[in-house]
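All chains should be modelled from the sequences, with the hints used to inform the complete structure.
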Amino acid sequence: MTAYARFSLLFLSLFFTAPLFAEDMETASAETVISDIAEEKTLQDYLAELTEAGFREKEELVLKVVETDEPETLPVMQALLEGDLYYVKDGNTLVYKTSGDPVTVFGGETMTGLGSRDIKKISVNNSLRTLLRAQISRVELFSKNPQTRKTAAINLLKSADELDPALLDEALSQEADAGIKEILLLVEGIRQLESDDSAVRLEGITALTGSLYPEVRGALSNFANRAEADGNGKELAAAEAALSKINAMLRFNSIFENLYFGLALGAVLLLAAIGLAITFGVMGVINMAHGEMIMLGAYTTYVVQQLMPANPGASLIVSIPAAFLVAGLVGVAIERGIIRHLYGRPLETLLATFGLSLILQQAVRSIFGPLNRSVVTPEWMAGTFEVNPALALTYNRLYIIIFSLLVLAMLALVLKRTLFGLQMRAVTMNRPMASSMGIRTGWVDALTFGLGSGIAGIAGVALSQLTNVGPNMGQSYIIDSFMVVVFGGVGNLWGTLVGAMSLGVVNKILEPWAGAVVAKILVLVFIILFIQKRPRGLFALKGRSVDMG
Amino acid sequence: MNDSFKGGPLTRLIMNDQAGRRLLGVLLAISILVPLSNLLMPEGSILHVSTFTMTLLGKYLCYALLAVAVDLIWGYCGILSLGHGAFFALGGYAMGMYLMRQIGDRGVYANPELPDFMVFLNWTELPWYWYGFDQFWFAMVMVLAAPGILAFVFGALAFRSRVTGVYLSIITQALTYALLLAFFRNDMGFGGNNGLTDFKDILGFDLQADTTRAALFFSSGLALMMGYLISRYIVTSKLGRVLVAIRDSESRARFMGYRVEHYKLFVFVVSAMLAGVAGALYVPQVGIINPGEFSPINSIEIIIWVAVGGRGTLFGAVIGAILVNYAKTYFTGAFAELWLFLLGGLFVLTTLYLPKGVVGLWAQIKGKMGGPGSGSGSEKAEGQA
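Residue numbers (this note's numbering), protein chains in the order written: chain A, 1 to 549; chain B, 1001 to 1385.
You may find that some hints are simply not true.
[As the list claims (entries may be wrong)] One side of the interface only, derived from the structure: several residues of chain A facing chain B at Cβ under 8 Å:
| # | residue |
| --- | --- |
| 1 | L347 |
| 2 | E348 |
| 3 | F354 |
| 4 | G355 |
| 5 | I359 |
| 6 | V486 |
Since the hints were made in silico from the structure, they are not lab data.
As the structure is a prediction and not an experimental result, all values here were calculated from the model.
Glycine included, every Cβ here is placed at the ideal spot set by N, Cα and C.
Okay, here's the thing in structure tokens:
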């Protein structure tokens, strides 16, 4: 029989002599008795003892708790370390409390109606904290879950010098995962830098060379400073060589990151501009309400999500055809109602569609209110993809890039491989001839405009994942979209792709040294000057069909 | 019909333009009567025009001048500028900078040299481009020069490389958008987001005083009349006829041997300067200039004033600017929700059904009734030109 059992028995008797607590404590003590009899103590039991133990008993209890490998083990220990572990005086229920209402450790229920006097913190002292820290890293390092082990190893990089060398050696010998072993070797490398032996220190530098963890870089530059102060030339040179290699890799990283951000921005521009490439590029219609088609698509996403709130992922997929239909139908209506009467008068078309954009904005504002709506991002779009320790790429940008290319490819297929695409190209090339061949040019116009608008709607679905959905969201894209189409060359999908991507990348490359606003201004000025040089854009179509204005 | 007058150029200009004569008469009457009734009539009298109303009307007059400027290039030369708000705002900023310097040490930080926002940003000395703005004459030169130079550089580039039609419209829009972004920055030294405001006086006169307001109102009316006459002179001159030829068929005009880009550049710069003057008169009356004036939607709104009034008739632009802005004041006050529906509807309906604006509608009604003045207004004015 251990000291703990005796200890608890002592309390047991104490409780029985305290009639005030009698009723509630009876059940708790009864449980203790039962587990005592079974001789098999669970985490729950140790924790129950923890509420009453002194600091010395707590240390022993912690060691026992470590042995129990239950899902709650680690969180409880961490909460105890942080001082977030409490128990309810009335019933000894263990709870976590950070801010707000306490949550029970077992079951995770939120307890309401408890005042600050009803719960008591399980206190820890410094020696207990040290013990907890060591034990937590031990539990994590030898956890069955590789992700937990990895996080633990990365955390060790920060506190390498406090680490128990025996624990590190043990972890190194047991670790099967090569990636985690590598991190553990880095931990050892950082420790070696602290060694008294110069050879070991140099060995440490070699081990650390080429790692991109910020902690490694910090440790190395600290070491370099020390070596410089000590006048240790050989080690200083080695450390600096390692550092410069790391810095070169970081520079490459940042270039790559800018490129990635630039491509993502380019993808957004591409999505916004593809629809315009159809309506403006192919049909020659200046649709100033194009941004509002994007907005309609985004609001469609919002509405679909309101209809099926339980499943944001599926609702996003459903939104794509829905937004295409909504924006496309509105587009067909606009073409039939207004634009049809204004062909050949581009400036008038510009004004009429601008008026439409105001009406659509106000309509949305009247229906949904002036405030921005937020669309929930499904889980598979959140998160990051870690290329190396200093470079993490967000998934949503990756999806946008892929999605924009898919949309472009689909559109190219429709234009090149379908009957409708053939008719569309025929009508834009030579309207009277197409008409005399039996093509209903009026309907082709309406459907083409609908297609362009529908694609803008799809762009709205994608943009709803990146920005807030509001009545004015379309306006922010309209100028950029026109810039892309004009820059890339009117009537040319490749031009739109190249235009969007290069504008996006140039914008993001300028941003670090010029600032976001100046970068944007520079890009605008560049386009204004570029159009002077090549009024028909990068990839100009030759021939009469595009000659207008 | 063809009662061409001989005599001096000004008399000829006025006597040959019936609609313009009426407009100028009304403007002159308003410019004199409104300030007088504000200053002389006792408050509460039916004939008294409140300072608020006078300032509002003064604002409309500035807008009307801006509309004339846009009509000059769009109506007569076919250049649809979606960035004319930028020239208006530049003129406004030039005036605003003068007014800022006039505040002197009466600002919150009581710095005799630097405007408040610069002190706030911890600037120690005036940026070089603020030099000279303490002189009224210099500010007035800049009111013309700043928009004029920008229009010259931009126009020279664009017209020489034959950027026309919608392409030009889109890059003018990009121009004003770029300026909007630039002026929003604090480092530009134009007050950033808040712009220039808290003006105290102009030429030593208190800006809040009724007499100053009345003088500003009169100046706006005068500027509008002058602007109208200058534009009228241009469009009725030989040069004006070339402009119309360019509007109707640019390549044909070029093949006839005219240097199209020179004509366009000239009228574009004149128009930008007129817009700058309108901005300069606008700022002291409303008391603030901020980057919002550069926003592309403002520039597009000017176009609708001209379109509603009647593109290609200078007095139509004046009527359109006043009509639309009155409607805006009324609706944003009474039914704020409806205003954008109405403005949007105006765009759609005027382009579809009123290509000549209310002036054209008026002529049409008159023509249907078979009255003696049939075909007056725009057709007649242009026919004589």
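Hint check:
1. L347: Holds: closest Cβ of chain B sits about 5 Å from A:L347, inside 8 Å.
2. E348: At about 5 Å, which falls below the 8 Å cut-off, the nearest Cβ of chain B leaves the hint on A:E348 intact, so it holds.
3. F354: holds (6 Å)
4. G355: holds (2 Å)
5. I359: holds (4 Å)
6. V486: holds (6 Å)
The structure meets every hint from the earlier list without exception.
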